[in-house]
Amino acid sequence: AQSVAQPEDQVNVAEGNPLTVKCTYSVSGNPYLFWYVQYPNRGLQFLLKYITGDNLVKGSYGFEAEFNKSQTSFHLKKPSALVSDSALYFCAGGISGGYNKLIFGAGTRLAVHP
Amino acid sequence: ETGVTQTPRHLVMGMTNKKSLKCEQHLGHNAMYWYKQSAKKPLELMFVYSLEERVENNSVPSRFSPECPNSSHLFLHLHTLQPEDSALYLCASSQDVGELFFGEGSRLTVL
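Protein chains in written order, with the working numbering: chain V, 1 to 114; chain G, 1001 to 1111.
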């Protein structure tokens, strides 16, 4: 069965420090992988995606993610965290079928402390 | 503003009521989705419409009935719901396998 796992319920980081939010996937074939962010009482906002090409993907708000096929991982990173980055982050994966049938991870809450 | 508008933002209904959630996308996308977000659970894909045809129905109870009258509008008709159906219902759209654009969600409470 296809799945996406986010092993950490919460990540705490000090402002200005680098952050990593982990994601591993089990998707057959060539996966499409996404990161989304959700602020309180809001919908999900797209951050970045990997479909093909360079393994390092750069996205919105200074975030980036690295696709690692051998480790089946797609960790989200940012060199210097901001308090405003505090939110719920979702990793999602899927395969092409004419539309986007994504499987979402359970989410990781990022808390950036001043 | 994501280009996907959901109404109402909040809805409280009794178990015997009939109500509908509405979603409209202004992005010219060809696929639309309903997701359910419950506390401490992953997002659950409920329905997918591609080119106005339902292509996914993930074992959703019949008390939830989707409708896609055209490529810009998606409805979720609700009938005789249960308290465990209380959740945030998210609508999204995409162009093929591009990223999903989500609406702000409709917070449903079933009494």
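Please note: incorrect hints may appear among the correct ones.
Mimicking DSSO-like on lysine-lysine, the simulated pairs with C-alpha atoms at most 27 Å apart in a straight line are [unchecked claim]:
no., chain 1, residue 1, chain 2, residue 2
1, G, Lys1018, G, Lys1036
2, V, Lys49, G, Lys1018
3, V, Lys22, G, Lys1040
4, V, Lys49, G, Lys1040
5, V, Lys22, V, Lys77
The hints are simulated quantities; they were obtained by calculation from the structure and are not laboratory data.
Status of the hints after comparison with the structure:
no.	hint	result
1	Lys1018(G) with Lys1036(G)	holds, 18 Å
2	Lys49(V) with Lys1018(G)	violated, 38 Å
3	Lys22(V) with Lys1040(G)	holds, 18 Å
4	Lys49(V) with Lys1040(G)	holds, 24 Å
5	Lys22(V) with Lys77(V)	holds, 9 Å
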